[in-house]
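Each chain, written out:
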Amino acid sequence: MSSLVLRAGPYSVMVERRTVLVSLALVGAGLALALAGLCRGASWATPSEVLSALAGQGDSVVVIRDWRLPRVAAALVFGASLGLAGAVFQNLTRNALGSPDVIGLDAGAYTGALVAITVLSGTAAQLAIGSVAGGLLAALAIYVLSLKSGLSGLRLIVIGIAMNAILTAVNSWIELRAELEVAIAATGWSAGSLNGVDWDEVRLPFLIIGGLMLVLVTLSHAMHQSALGDELAITSGVGLNRLRLLLVLVGVGCTATVTAIAGPIVFIALAAPQIGRRLTGAAGVPLVPAALTGAVLLLAADLVAQLLLAPMALPVGVVTTAIGGCYLIWLLFREVKRP
Amino acid sequence: MTAPPTGRPAAPPATRLAARDITLAYGERVVSANVDLDVVDGAFTAIIGPNACGKSTLLRSFVRLLRPTTGTVSFDGRDVFGYQPKAIAREIGFLPQQLAAPENIAVRRLVARGRYPHQSLLSTWSAEDERAVHEALAAAGVEELAERPVEELSGGQRQRVWVAMVLAQETPYLLLDEPTTFLDITHQYELLALFARLRDEGRTVIAVLHDINQACRFADHLVAMKDGRIVAQGAPADIVDAALIQEVFDLPCVVVPDPAVGTPMIVPTP
Chain A
1 MSSLVLRAGP
11 YSVMVERRTV
21 LVSLALVGAG
31 LALALAGLCR
41 GASWATPSEV
51 LSALAGQGDS
61 VVVIRDWRLP
71 RVAAALVFGA
81 SLGLAGAVFQ
91 NLTRNALGSP
101 DVIGLDAGAY
111 TGALVAITVL
121 SGTAAQLAIG
131 SVAGGLLAAL
141 AIYVLSLKSG
151 LSGLRLIVIG
161 IAMNAILTAV
171 NSWIELRAEL
181 EVAIAATGWS
191 AGSLNGVDWD
201 EVRLPFLIIG
211 GLMLVLVTLS
221 HAMHQSALGD
231 ELAITSGVGL
241 NRLRLLLVLV
251 GVGCTATVTA
261 IAGPIVFIAL
271 AAPQIGRRLT
281 GAAGVPLVPA
291 ALTGAVLLLA
301 ADLVAQLLLA
311 PMALPVGVVT
321 TAIGGCYLIW
331 LLFREVKRP
Chain B
1 MTAPPTGRPA
11 APPATRLAAR
21 DITLAYGERV
31 VSANVDLDVV
41 DGAFTAIIGP
51 NACGKSTLLR
61 SFVRLLRPTT
71 GTVSFDGRDV
81 FGYQPKAIAR
91 EIGFLPQQLA
101 APENIAVRRL
111 VARGRYPHQS
121 LLSTWSAEDE
131 RAVHEALAAA
141 GVEELAERPV
151 EELSGGQRQR
161 VWVAMVLAQE
171 TPYLLLDEPT
181 TFLDITHQYE
191 LLALFARLRD
201 EGRTVIAVLH
211 DINQACRFAD
221 HLVAMKDGRI
231 VAQGAPADIV
241 DAALIQEVFD
251 LPCVVVPDPA
261 VGTPMIVPTP
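For the protein sequence lines, the chains are A and B, in the order given.
Position one of the first sequence corresponds to residue 1 (UniProt numbering), numbered consecutively onward.
Position one of the second sequence corresponds to residue 1 (UniProt numbering), numbered consecutively onward.
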């Protein structure tokens, strides 16, 4: 495995050549899918029409820049955000199953969002705060229940899966009890959907996710160091308690921000970090491949969701759930068999 | 001068790394009470004692893995918990008993993880890191394994790789928790000889060891523990006799000079 050392003055990092190549390939795939997403519609545009529309020329500027672009951008950014959330929690729990969508953090965030809609007036800020609070409360509950066995271990995962089931039931109950129009809106959203996303809706989430990514950049080195185990992490100078708290906050933030806008989209956080890890052959669960894989996966799933039963658009969550369910079963089998 | 709260006169630490009147407990269960230990600078210290006598626990308190309920472990007169994590990690390195490498990691990358306390956010790989990793691989004799995945190695090779990782940390103090367990006898002697060599190069080494004869042969200073207390400490030739072994391990034995090097050697009697 060959590596490259990048130096600029006093700054230097070492990266694996393969990670760089795979990342570039993923960026390429993301751009190609984005172009396809911008072309797709009741009447398809050609790539050259799309490019000129992006430059502000032609008849379809409004359709492509204001209708299709926000959806494509949301799929990429939200996918990256979910991939990062998955990588953060898989690193924290040192388990491929320790992903926010499996252990009930998505469901918790969605509970928070539902409460914001049904009890409060459901403004964008209330939705965002509600889902972050819901995700954090779910994380806290899982943490308290699994304290005895430590943060890494199958016990935490099993408790998380139970938490996910409970919260999903709570969410259904809230939807059933809610007034009709709220319930209809919430049900479309509960599968996880990017239908009808526009610029006004995504501006704030994009800013939040961008901020969380910056925080994560500052934590990533310590996060990978902590993969050596608690003891070596501490004795090699990682401030482990502070790191864990920040990682939980960032991970929940990444997943809850997406949930607040698009509902709980499962599978991306679970699968993207592991696919990224296998593609790059990297040690541990690296962040950049997880984010890029997440972006590509969510955009691809959203395209499938729109094309499968066209002209009717499925919620993207239906597609990710269908694929993710199979993957989760396989992963559970492997995990339980592991000594 | 006011008396310390325990009523015992606490002598000031005579060495850079020292424990003063520490009590170590896991929850309610007290493992050690009111222990003092000055880690002899520049020496190879071996901590010996029966299972569950508190030797690993004592070692853990020196590397901030267990906070004493009373007393302090100090480095240069300051509580080890009072340092910035990276600053104290540049002084004291530790090799735990249970080790698990991240999946799929190559030896060189694992050893490079030892450089963490010397790195910053923007400089995660300097020429200095490169040199330290190169030297650590050489010192532990694992250069030829550098590109191999850690999970493919044998137990003995893997342990030397972990030692290389701690060496790359380049700390003047090196604490090792049963570093030779699970190794065959050849690898045990190789590793202990390596620690003695590091001591000769000026590092302070403290290891929990199970084999008393090996401890006597390689260490300059022995600390014998039983039931959480330090029963005796000093040079092996000065403290190891049949009475001490009987007291600490409850094992009848005779002590003879090691025929190869002349250090004390215990031979259990039937």
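There may be inaccurate statements among the hints.
Derived pair list, reagent style SDA-like, types lysine to any residue, alpha-carbon separation capped at 20 Å [to be verified]:
(1) B:K86 - A:L245
(2) A:K148 - B:L65
(3) B:K86 - A:V217
(4) A:K337 - B:L65
(5) B:K86 - A:D230
Because the hints were derived from the structure by calculation, they are not lab data.
Which earlier hints turn out false for this structure, listed by number in ascending order?
Hint 4 contradicted; others consistent.
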